[in-house]
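Protein chains: 2
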Amino acid sequence: MLIDFETAVNELRKAENVLVLTHANPDGDTLGSGFALVRILRQLGKKARLLNNEEIPKKFSYLYEDLKQEDFREETVIGVDIADRVLLGKETEEKYGDRVNLDIDHHGTNRLFAEKTYVEADSASCCEIIFLLAKALGITIDKGIADCLYTGCSTDTGCFRYSNVTERTHKIAAELLSFGADHAAINVKMFETKSFSLIKLQTMALEQLELHFDGRVSFLTVTRKMLDETGARDDEIDALVALSRQIEGVQVGVTFKEKPDGVFKASVRTHEGINAADICSAFSGGGHERAAGCSFSVPIEQAKSRMLSELQKYFQEG
Amino acid sequence: MLIDFETAVNELRKAENVLVLTHANPDGDTLGSGFALVRILRQLGKKARLLNNEEIPKKFSYLYEDLKQEDFREETVIGVDIADRVLLGKETEEKYGDRVNLDIDHHGTNRLFAEKTYVEADSASCCEIIFLLAKALGITIDKGIADCLYTGCSTDTGCFRYSNVTERTHKIAAELLSFGADHAAINVKMFETKSFSLIKLQTMALEQLELHFDGRVSFLTVTRKMLDETGARDDEIDALVALSRQIEGVQVGVTFKEKPDGVFKASVRTHEGINAADICSAFSGGGHERAAGCSFSVPIEQAKSRMLSELQKYFQEG
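Protein sequences appear in the order of chains V and Y. Numbered by the working numbering, the letters in the first sequence go through residues 59 to 376 in order. Numbered by the working numbering, the letters in the second sequence go through residues 59 to 376 in order.
For the record, the hints were derived by calculation from the structure and aren't laboratory data. Take these hints with a grain of salt, some might be off.
A pair holds if it fits inside one copy or across any two, identical chains being indistinguishable in the list.
Using 25 Å as the maximum straight-line C-alpha spacing, the simulated DSS-like pairs for lysine-lysine come out as follows [unchecked claim]:
#1 K116 - K317
#2 K229 - K247
#3 K148 - K371
#4 K116 - K323
#5 K323 - K362
Just chain V, with the same shape it has in the complex (with noise of 0.2 Å):
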């Protein structure tokens, strides 16, 4: 079920001995709505922990480092930043995909899974819904909030680069700022870090990069012989996705992933004029408008071949 903004508020207010869930292979935005959200209870006085559905990576450390340990038995189950129970991960999902109790989230293709889902579609992050719930429950932002929400605000827009970035977004960030949010530090680590490891593996990503549609179209490839031989790790292959775009000529970028199961995992990120939720939709992926993802469970060569005639018929319609 839908709910407003209100009742989403209200929700929270009423939720005890919380365990938030974020989406696998985790990201900035729903690891800052995550641990924002833990803080942002436990300020109410409510139990509240998140649960780590798999490692996160390192870099995000500064987000939970000082957070104590809290164990309970969960009554309220809390998502961030999740459009689709499958979302949550295997595991996951088997053990809590039918008991959220509450979504909260910004992708406009939510499957509303959830008891009740409040959405914001427009919304840069989910971390900007947060700070607006965190100023409704009237809480203080200090700067463990101010640091999470800071990087969900930053990551989900390229760091202020893409079109889904609002007069709002500018005005929550002077806000986070304010509040101590150590900004400068967290883009270098989220921005400015690329591992020697990571340039070896763009090299030779772009050495075999495929142009189709006379140039509209740019496919990378990330194998696993590829992360091993360079040493790379999954989670720093997010400037890899952001480069396939921004080849000139470029309307859509596409890179494939291969996962530790074989699957290929293909981000799509666009251009304005063509929509990258609608392109995945047609491989039950979702997303945004610029940027969305879907998975590939065939060799590379028929995972390549599918989304191309996708594109074919997607650039024929349109």
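Starting from the known structure of chain V, fit chain Y onto it as the hints suggest.
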């Protein structure tokens, strides 16, 4: 002579038949400030034009393409974002170096070469200052002005990424979006478009990457030969300059770029705790704490060894 904000506003009110100067190798901040100022002065009923002291990179054409040419004999000369008269470029310096009536700048290293100088060294961009002056002058910030000012706010902060960003920067960005700044399209042009040539140049430069001081210092080199071989343009090198500091463990990134006259321009980028302007001042250069530049009229190996000696001193003293 240093002047205060009110005096700067009055100088702009008094100015007639204004020639606006930018620095040579113009970037988004000097051009955004310059064209915004031309638009502001015209709105006040004055004649104003920008002196294009060298070819403006094509990607900036949206800053001025709707502006009509105006021909008049200049009475007032105003510089924007110019820390030193030598930065005007040889030809412009000869003609106007001692005739600048007002300089509006955000470099702490400003040499006060103008008759009157208004400097805010803690402003992230010169465009932030022009924005405040525009408001004080009571003009309407239209889309044209908003696009110009957003350009400087974004480019001089690495799109709101760097430590020079303040609460004010985001507040101004929010206002500029409300005034119609086409932020997403501007950021695509400024940050999201890499030519194939640049990608080739980047790969080539990274293959020759030098690390010094246990990986704390990186040296990238771009020669005319590399530019010729890849077809990359001088004005595309900024992306590479940013990369010099993004390598894990690197605190000081230096990019040596060979200019057509054989001079090597060094762009120095630092992380917190290391002052790039201090380092460059040893070579009569200057800039900001995290981003500065200087020039070497000696062969590249000598330039590198001089820079290494200076860094050695800097690390020992610091």
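Here's how the hints hold up against the structure:
{"no.": "1", "hint": "K116 - K317", "verdict": "within (19 Å within a copy, 41 Å between copies)"}
{"no.": "2", "hint": "K229 - K247", "verdict": "both (23 Å within a copy, 24 Å between copies)"}
{"no.": "3", "hint": "K148 - K371", "verdict": "neither (32 Å within a copy, 55 Å between copies)"}
{"no.": "4", "hint": "K116 - K323", "verdict": "within (22 Å within a copy, 37 Å between copies)"}
{"no.": "5", "hint": "K323 - K362", "verdict": "within (11 Å within a copy, 44 Å between copies)"}
Hint compliance for this structure: hint 3 alone is broken.
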